[in-house]
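> The residues making up each chain are set out below.
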Amino acid sequence: MKEVSLFIPCLVDLFLPHIGAAAASLLRRAGVNPIHHRGQTCCGQPAVNAGYLREAKKAAKHFIELFGDDEAVVSLSGSCVWTVKHHYPELLGDEPEWFRRAAELAPRVYELSQYLVDVLGVTDTGAAFEGAVAYHESCHVLRGLGVSAQPQKLIAAVKGATLVPLQQADSCCGFGGEFSFRYPDISESMVRDKVQNYLDSGADLLILCEPGCLLNIGGYLSRHHPEKKAMHLATFLVQEGEKR
Amino acid sequence: MRIATERFTELAREGVEKARARPFLKTVPQLLYQLREAGLATLPDAAAAQAHGAAIRSEAISRLPELLEEFEKNATANGAKVFWARTAKEANEYIAGMAKERGAKYVIKGKSMVTEEIGLNDFLSEHGIEPWEADLGEFIIQQMGRTPFHIIGPALNIPVEEIRDLFLAKAAMKEPTLDPVELGRAARLFLREKFHRARFGVTGVNMAVAETGTIVNLENEGNIRFAKAAPRTQVSVMTLEKVVPTMKDALHLMRLLSRNCSGQKMSAYVSMDSGPRKEGETDGPEELVIVIVDNGRSRIYQDPRAREALRCIRCAACLNICPVYRQIGGYAYGWVYSGPMGQALMPPLLGLDKTRDLYRACTLCGACKSVCPAGIDHPGLFLYYRSMDASADPRFKGEKHPWREALLFKAWGRVVQYPRLWNWGVSMIRPIINRHAHKGVIRDMKGAFGGWFRERDLPPLAEKTFRDL
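Same order as they appear, the protein sequences are chains A and B.
Number 243 marks the last residue of the first sequence (numbering that gives the first Met the number 0); no jumps.
Number 468 marks the last residue of the second sequence (numbering that gives the first Met the number 0); no jumps.
Calculated directly from the structure, the hints in this document are not laboratory data.
There could be a bad hint or two in this list.
Said to hold, decoys possible - From the structure, some residues in chain B lie toward chain A, with a derived Cβ separation under 7 Å:
1) 11
2) 124
3) 386
4) 408
5) 456
6) 457
7) 458
8) 466
Every residue, glycine too, gets a C-beta built ideally from N, C-alpha and C.
Excised from the complex, chain A in its bound form (with noise of 0.2 Å):
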């Protein structure tokens, strides 16, 4: 059987651990056996952001020993396979062994849609649902990735659910990690701004394809819009004829 390591963010360890469990779940389902490196912590994201350069070295090469034999790795998150794919050589480009093993590494490192829809050729995943769908495409996952098509295609795969369109929805959440609480006045704003857009969007469901904006959107979502949800891509496609 097939193996790909799963790369489990640590927002997703932290706070969202049922998500992690979809996606194996899924893979599985897939045919391909999800394999989890237990000493996995942090793949240094927010060192990068926050300019500690020093720091996220440690976490880059701590990654690298991990998961650097790993035919393919697959994760939850876009903006920490951004940071793999992108950061890392970026980051080990004045020590060559180690640019050489990040620069290795990089192709074979996939956000979940795009593994799911580019390398293993599934679109449907057996998932059902009753109603209307909205997608926000989160910035690294569609900017920095360039995947887009990939998790719409799961979606409108999905037995009885539409895909609605939503306004904007390329535009930023306003999560940046910790632009969320050091700029408060601007994130709520974006965020009200997301949330708006989707209740305008008619959609049941706001699903997409980052922990970091899953949070951010949930967190307003449970605060102003509690009958409102939005959702992990992965959790959303595990569901079997959930009926709302």
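Following the hints, complete the assembly by docking chain B onto the known chain A.
Coordinates of chain B only, in the frame set by chain A:
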């Protein structure tokens, strides 16, 4: 112009809360963005055209010293005079000195960002020379004493009632009206008088062509062309990075600038000057003086990474698409250049210590980078500035961060390599955070994360991490 980059958070809050600018921010940037899309679609291969623009700007900046020398040589051969100003002060003193020598009581100005940057208007006023902005938007904000809200629409956010009152107060108009065409006419008539008697004109430069010594200006109102042609002395002020290698390059950038800026295939007016009026010619200035301003840019040029910020052609596509700009508008950035273009340029120009919010108040969404015709990776630059600042790099006045933050990341760096330590850390932190949870939701937490909870909830840390499931 007073620099207020350190007041970002406060000005951003005002920007978000100001109801007046909201209708503007909800519509105009989006509209300009759509126009841009339509404009780019008229090119046979828009992506290739953008990439070519990036290549031209990259080459121009890498070859900056030699291109500037070539430009000076050719401009001088055309009969222009070139003056090099290391600082804003040198430029201002030179221009004011020239105006005085020539007996000019006032100067007529075409729209220019560099003269905003060097604070020329204030300097001239202090030295008894009246500056008159001739671009409608610039004219309005000059009279109101404001900074530009948007680079191509400096007064786009100002309600028409305020403009009416302003024009009545400044005697630019006798009868009150809210008709924008009438208001435009009033400004035009008022300024026409200034143009007719103008002795001295000052404008900026969009491109300086090294190969031919030509300066190029693009605009939609005609004020720049008028300010270049009507007075006897024309002063064109440019910063170092405006230079491009060839006329062919300039023409390509003109196509891109117009489309990215306003969706036009070409702006309404394009003027090119290769020297002053020559023998037998009927119009143009008697003398053309080109002031090349450094004002900190050669220091940016020294840094191969930061140098990328100098590629900018000021089209404003990045502002229009920036989700932060769309919330806060142009004032929060605290100086001449707002939006991502300003966030890329102002930190190394003014110092990382004074501009911290500019490179931090960004979600790294990458929208700016995706539209930039000069190939600037704005988020990449912000990360670079953040790292220079966090390591107290002295080149652009990086400052050590608060010890708490540095300590936190140091500790994080220790733990991140050791999974057992990491897991132990998680098990230590979990009860501290989850103490705030009620009925499965955290609704409030004091301290550094407090900003999250004003409008948002957070799930508590899961009792079991994925690895323990």
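> Are the hints correct? Go through all of them and say.
These are the hints, each one checked on the structure:
1. 11: Holds, about 6 Å.
2. 124: 35 Å, violated
3. 386: Because about 4 Å separates residue 386 of chain B from the closest Cβ in chain A, which is inside the 7 Å limit, the hint holds.
4. 408: Hint on residue 408 of chain B: holds, closest Cβ of chain A at ~4 Å, below 7 Å.
5. 456: Constraint on residue 456 of chain B satisfied, holds at 4 Å.
6. 457: This interface hint holds because 6 Å falls under the 7 Å limit.
7. 458: 5 Å, holds
8. 466: 5 Å, holds
Comparing the model with each earlier hint shows a violation of hint 2 alone; every other hint is respected.
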